[in-house]
Amino acid sequence: MSETSAVVLEATGVTRLFDVSRPWLQRVLVGEKRRHLRAVDDVSFAIPRGTTLALVGESGCGKSTVARLAVGLYGPSSGDIRFEGQALSAARSQAALRRRMNMIFQDPYASLNPRWRVRDIVAEPIRAFRLLSSAAEIDARVGELLTQVGLAAADGEKYPHEFSGGQRQRISIARALSSEPDFLVCDEPTSALDVSVQAQILNLMKELQQRLGLTYLFISHNLAVVRHMADRLGVMYLGRIVEMGPGEEVFRNPRHPYTRMLLEAIPDLDMVGVARTPVGGEVPSPINPPPGCPFHPRCKLANDRCRVEKPAHVRVGEVEVACHAVQEGRAEA
Amino acid sequence: MLARFLDSDFVYSFRRSPVAVVSTLVVLACVVGAVGAPWLAPHNPFDLASLSLMDSLQPPVFMADGTAAHLLGTDDQGRDVLSAIMYGTQISLMIGFLAIIFALVVGITVGLVAGYMGGAVDALLMRVTDVQLTFPSILIALLVDGVARAVLPRDFHDRMQIYVLVFAIGIARWPQFARTVRGSTLVERGREYVMAAKVIGLSSPRIMASHILPNVLGPVLVIATLNLGLAILDEATLSFLGVGLPPTQPSLGTLIRIGNDFLFSGEWWVTIFPGVMLAVMVLSINLLGDWLRDALNPRLR
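From first to last, the protein sequence lines stand for chains B and Y. Be aware that the first sequence starts at 21, since it is given in the numbering used here, and climbs by one per residue. Be aware that the second sequence starts at 92, since it is given in the numbering used here, and climbs by one per residue.
In short, the hints are calculated from the structure, not lab data. Note that this is a predicted model, so its numbers are computed, not measured. For every residue, glycine included, the Cβ atom is placed at its ideal position computed from N, Cα and C. Any given hint could turn out to be false.
Cross-link-like lysine-lysine pairs, in silico, DSS-like; alpha carbons within 27 Å at most [said to hold, decoys possible]: (1) B:Lys330 <-> B:Lys320; (2) Y:Lys289 <-> B:Lys178; (3) Y:Lys289 <-> B:Lys226; (4) B:Lys330 <-> B:Lys53.
A short, non-exhaustive set of chain Y residues, derived as facing chain B with CB atoms under 10 Å [as the list claims (entries may be wrong)]: (5) Glu283; (6) Ala288; (7) Lys289; (8) Leu293.
Chain B is nowhere near these chain Y residues, computed Cβ spacing over 10 Å in every case [to be verified]: (9) Leu97; (10) Ser141; (11) Val196; (12) Gly209; (13) Pro244; (14) Met286; (15) Gly292; (16) Gln340; (17) Ile363; (18) Leu374.
Chain B extracted, bound-state conformation (with noise of 0.2 Å):
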């Protein structure tokens, strides 16, 4: 590798807006405003080299936006994104950076052309970098590829249809690592599939990162996964990260209100009969967001200030929360 940074992946206040507005006619003659979606709100984060970045949150806090900009899927509304210390779009208009990256989707329904066959769609990346050049080389390094997964070199005879969920995971795993890179998005990778299933693929992740010295940017919605991933540890909320730090310390020491209502709900076998918050209200709309603290409606501890001032990111020890109470000492209860 010629260019190697500590840092892989940074990203420096990155906001990202969704146009949702109505068709241009239809705006006008209702005399109605275009409107935005704040997607992702004032995101910052760097994911050393070799570690897991993982990020959780509620469906429509803005994750799975991130990843995608990460990739460089969406370009940010403002804000930097840099890969190996260069811009992001800079890094992506070069192949032999652009190889480097690469990504592991939620749907292993949806992620595999249903009409290619399995070992087509391995070499993809390989035939699109242009890799390899012959047959037989790229038929070598495919099957390599799907032994690495888990899988038969036979394998790639066959269409998608024919595996089940797990195995086609490890499929898409199979594509992601043909390109040789260093550098995994990985938007939810184990919720569409079962608990069992689950521990297998998040094993065969982490063995692969050892081996290979790969970096995650790991999204999911379930602790127990992320706690399992992640070395440093996110936690969205609408659109926003309330709370980071090393994963640990995150779970052990939980500081946001919003971090304690999650892990709160964890199911847990020494909790049985102890009666338990439940996550009470709704995620308000990204569309309309509540002025101030976007988490006040929900938050047992909003005040006044809470309600108009957004809060910061400020360290407390090795992590970074955004609460008005957490700094204020009001949240030690």
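For chain B, the structure is supplied; the task is to place chain Y on it using the hints.
Below, chain Y alone, put in the same frame as chain B:
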């Protein structure tokens, strides 16, 4: 590969459907008779030397004056009706096929680009399609034919008439394909396998051609089959109206028009037999298309 195909649901449902089997056999017979006309037809209706006015307007073989030499009788020029039908079917089928292929190429391209690109490109292409759909196809075909007649020199026009018809029918039929392909493309382009291709930086034309196209072809082929029958009818209609093929190069429609003049003087066979042929062929193609639509629809399995 072949064994696997013969074992598939598709072949199973084909065998279970007598309508599909019969209509396939009829269509195959039409195609064989049409393509093999130069070798299979008892006479060559284009060979002026072999025509004799003495043979004109002979009735079919099962009537009192019929002869075995002309099984379905002869027309006013003494041309063998059976042979003329075989040659005519050849021309009709060829125009139908070429017109549908032309419509497919235009429709699939427009549909893919509109569906994949979205936005202003999509809006523009779809408005063009909508406008085109408001005209009856036969009207567009008449218009194209009229323009071609006015623009091209006469003898050149006669030679090019087949291609003018192909263009006229094809241009009238592409919007259906464009709409269907656009609809399927809108579904496919949001799938994660398309995103996977974008992540590795494949170009849009390449994604459209290698990823989306194979996944949107199914429904289009069903419509293409149904439209093949309609395209053959379009051609017959145009030829019947006299703006199609000249009598020197008769398609089924031309034969029906020529025979129409003799219907009331009792020589019904000159027009009825090509008419029956046309009806049977188009009906079989449509039945086949109907079956194909059901067979490829997973919800009806």
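For each hint, the structure was consulted:
For the suggested pair Lys330 of chain B and Lys320 of chain B, the alpha carbons sit about 17 Å apart, so the restraint of at most 27 Å is met. A threshold of 27 Å between alpha carbons decides the hint, and for Lys289 of chain Y with Lys178 of chain B the separation of about 24 Å falls inside it, so the pair holds. Between Lys289 of chain Y and Lys226 of chain B the alpha-carbon distance is near 26 Å, which keeps this suggested pair within the 27 Å criterion. Taking the CA atoms of Lys330 of chain B and Lys53 of chain B, the gap is near 25 Å; set against the 27 Å cutoff, the hint holds.
Annotation: interface hint on Glu283 of chain Y holds; nearest CB of chain B at approximately 4 Å, less than 10 Å. Because the smallest distance between the Cβ of Ala288 of chain Y and any Cβ of chain B comes to about 7 Å, under 10 Å, the interface hint for this residue holds. Proximity of Lys289 of chain Y to chain B holds as hinted, the smallest CB-CB distance being about 6 Å (cut-off 10 Å). Against a cut-off of 10 Å between C-beta atoms, the interface hint on Leu293 of chain Y holds, since the closest Cβ of chain B lies about 6 Å away.
Listed as outside the interface, Leu97 of chain Y is consistent with that label: its C-beta sits roughly 18 Å from the nearest C-beta of chain B, beyond the 10 Å cut-off. No beta-carbon of chain B is positioned within 10 Å of the beta-carbon of Ser141 of chain Y; the least distance is around 52 Å. Under the 10 Å C-beta cut-off, the non-interface status given to Val196 of chain Y relative to chain B holds; the minimum distance is some 20 Å. Its beta-carbon lying about 12 Å from the closest one in chain B, Gly209 of chain Y satisfies the requirement of being farther than 10 Å from that chain.
Distance check for Pro244 of chain Y against chain B: the nearest CB is about 48 Å away, which clears 10 Å, and the non-interface claim stands. Non-interface call for Met286 of chain Y relative to chain B: violated, since the shortest CB-CB distance, roughly 6 Å, does not exceed 10 Å. Listed as outside the interface, Gly292 of chain Y is inconsistent with that label: its C-beta sits roughly 5 Å from the nearest C-beta of chain B, within the 10 Å cut-off. No beta-carbon of chain B comes within 10 Å of the beta-carbon of Gln340 of chain Y; the shortest separation is about 41 Å.
The claim that Ile363 of chain Y lies off the interface holds: its Cβ sits roughly 47 Å from the closest Cβ of chain B, which is beyond the 10 Å cut-off. Against the 10 Å criterion, Leu374 of chain Y stays outside the reach of chain B, whose nearest CB is about 32 Å from its own CB.
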